[in-house]
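Here is how the chains run, residue by residue.
2 protein chains.
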Amino acid sequence: MNIVLIGAGNVATHLALALQKAGHKIVQVYSITKESAQQLAKKVSSDFTTEVNQISRKTDIYIVALKDKGLGDFVKQFEAKRKIIVHTSGSVPMSIFNNQSSIKFGVFYPLQTFSKNQTIKFNDIPVCIEASDTKTENTLLKLASSVSKNVYLINSEQRKLLHIAAIFVNNFGNHLYTIAEDILQKENLPFEILKPLIEETFHKIKKYSPSEMQTGPAIRGDKEVMQHHLDYLSCSPLYQKIYKLLSDSITKNKEVKMLNLKDP
Amino acid sequence: MNIVLIGAGNVATHLALALQKAGHKIVQVYSITKESAQQLAKKVSSDFTTEVNQISRKTDIYIVALKDKGLGDFVKQFEAKRKIIVHTSGSVPMSIFNNQSSIKFGVFYPLQTFSKNQTIKFNDIPVCIEASDTKTENTLLKLASSVSKNVYLINSEQRKLLHIAAIFVNNFGNHLYTIAEDILQKENLPFEILKPLIEETFHKIKKYSPSEMQTGPAIRGDKEVMQHHLDYLSCSPLYQKIYKLLSDSITKNKEVKMLNLKDP
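Chains as they are written, first to last, in this note's numbering: chain A, 1 to 264; chain B, 1 to 264.
Worth double-checking, as some hints may not be accurate.
Taking lysine-lysine and the DSS-like style, the derived pairs with C-alpha atoms no more than 30 Å apart in a straight line are [what the hints assert, rightly or not]: (1) A/Lys195 - B/Lys81; (2) A/Lys207 - B/Lys186; (3) A/Lys252 - B/Lys241; (4) B/Lys149 - A/Lys67.
It should be emphasised that the hints constitute simulated quantities derived from the structure, not laboratory data.
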């Protein structure tokens with residue numbers, strides 16, 4: 001397919017490279033920032049522009065990979081006319097395109113965290129598709145399948161939920177690593193020492209549900225150890241609060257499960 | 001070395017298998033529960049007992065791999081005499097052995113989460129050593145190095161900190177996965193869909209500090225998306241509270257870092 005990419009950030013870059021590798025042609029890259037547009041255009045040997053009214057019409061699809069706020073602004077300025085237009089956001093409903101003259105629109109949401117210098121196997125990334133109509137849906141499914149083996153049909157409501165769940169595992173998960181690193185620094189211990197444990201935490205849930213894999217003082221109900229840790233964390237009321245809340249949540253989860261077991 | 005293992009749970013089992021594989025001899029396994037003792041003894045072709053006064057004296061070292069409470073009770077009943085005695089706990093100080101007649105004691109703490117049916121490459125597991133004296137320290141270092149390539153000298157204070165940090169990444173990390181799974185179930189979405197993201201969250205910190213890898217609405221200061229998510233989570237006040245607290249913590253962490261940058 002011929003593709004115009006709106007945006008030149010992390011998502012746009014990783015997506016453009018994967019699409020090109022799959023045999024599609026990136027016709028043009030648009031970005032407000034000339035440098036970014038130029039940089040990505042160079043990588044995929046395409047044209048580029050920084051002007052909305054210069055965006056090419058010689059394309060099958062517009063993929064808008066902008067930040068949520070930028071996406072709203074862009075949609076107000078640009079008409080896809082009879083071409084397909086999709087966005088790549090987890091938190092914006094497909095209905096943002098309702099006012100477009102195009103009747104072919106949708107969402108192409110790769111569920112992954114992209115960083116500038118981190119290469120990634122796009123083939124493993126779940127791509128969540130939603131479309132205005134069956135024909136567009138088929139086109140998007142085909143496009144998604146050309147870059148990933150994990151393609152899902154996900155509606156806007158589901159995508160919102162998925163985005164929240166992704167924040168829990170990725171954003172909050174990474175923040176727990178940051179807290180751990182910070183705690184270790186107090187005694188000059190290297191973060192390195194925790195990596196095998198972090199890896200194993202992930203490996204365990206490859207085969208089992210995380211709810212079955214819970215370990216530690218909270219699930220054991222070991223109040224003595226927990227109180228000891230809370231006392232120790234008194235130097236950081238915030239970490240103490242997080243320790244307490246997550247431990248309470250683990251305990252509550254266990255109680256809920258035990259309650260369910262008791263159900264006839 | 002000749003080793004007597006006190007305990008037959010997950011830690012004892014994984015440790016016994018690794019030690020045997022490294023060429024050491026498990027002389028005997030002790031457990032209160034006959035079935036557990038027998039089961040592990042069979043795996044490492046050793047003797048077993050359920051009686052403290054039947055614990056073998058023909059050993060170089062006693063490795064006490066019991067739960068924290070069980071460890072305290074055991075130490076009151078058993079005298080290692082002139083042999084080395086160590087425990088494997090993250091949260092118990094070495095001084096628990098102070099009342100022992102033995103003057104050779106220490107800690108042999110494998111920093112990992114062990115499950116019954118999950119095989120694990122012991123060689124990658126960090127083993128944290130602490131000892132009563134230099135000679136014992138050298139013996140423990142040698143023993144640890146025979147089963148793992150990651151051996152650290154860690155004192156009791158450091159180990160307490162390490163254990164708390166481990167709870168953040170492992171116990172709390174796994175709980176975040178559980179919450180995500182629970183959220184997805186509301187729309188019948190498979191947890192599977194999040195696994196590539198979870199894997200990437202871990203891969204990123206192989207090369208970079210997690211504090212540099214933070215992404216998402218909280219670090220971007222995207223209050224609109226966060227409020228939207230909080231509204232959505234109103235059906236679960238607990239998850240809402242966790243979302244808010246962790247987002248606040250991410251924001252605060254960013255502010256602290258920016259404050260540091262401004263320092264002359």
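Taking the earlier hints as the rules, which of them does this structure contradict?
1 and 4
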